[in-house]
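Student: When you get a sec, could you build the whole thing from the sequences and use the hints?
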Amino acid sequence: RNNLREFITTIASGIHVPLTVGGGIRSMADARDLQESGADKVVINTAAIKNPNLITEIATNFGSSATVASIEAKRIGQYKYHCFTDNGREPTGVDVLEWAQRVENLGAGEILLTSIDREGTWSGFELNLVKSVVEAVSIPVIAHGGAGCMDDVRKAIKLSGASAVALGSMV
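Quick note: the sequence shown uses our numbering, first residue 22, plus one each step.
Do not take every clue at face value.
Claimed, not checked - Pairwise CB distance ranges, derived in the manner of DEER restraints: (1) N74 <-> F28: 27 to 35 Å; (2) R26 <-> N149: 37 to 45 Å; (3) G182 <-> D116: 16 to 24 Å; (4) S159 <-> E27: 33 to 41 Å; (5) V38 <-> C170: 18 to 26 Å; (6) D116 <-> I36: 31 to 39 Å; (7) G189 <-> G45: 16 to 24 Å; (8) H37 <-> Y100: 37 to 45 Å; (9) A157 <-> R26: 34 to 42 Å; (10) I36 <-> G114: 33 to 41 Å; (11) Y100 <-> A50: 36 to 44 Å.
Calculated from the structure, these hints are not laboratory results.
Glycine included, C-beta positions come from ideal geometry on N, C-alpha and C.
Tutor: This is the structure we're talking about:
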């Protein structure tokens, strides 16, 4: 799964925009391999929950701007969300807002915030979730999960304060 070196090198050599890579990054060696292959930023979630110091280690070696913390959030109450790992399959019991603040303090330069409940639904971003995380941290928050039209993108930026959005099936 982490044998992406040749693939990343090929992509990085053919584009002129920042390349962010995530998935299966479990160690500093994995992050270094991706950086050496041409990734500008790495995204970590499961490994960060299991070993929060990995965020600091990556940020120390490559800078906060190259360290993206992925937070997969699932609603567990009216205004309460918990973090999940392993592509949204494993509950952690960790509160999303507390974790967002912690990853910022550990050195992450951005948060990729995915609403598990909205991902793939085309029903719009979970604006309350995005807004609460944006207000809890001072680093950029990228909204992900739920976009179905350009108005959803506008709302995520204008109403929730997201710095950017990530689009998948909508594209």
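Student: Would you list, in rising numerical order, the hints stated earlier that this structure does not obey?
Tutor: none
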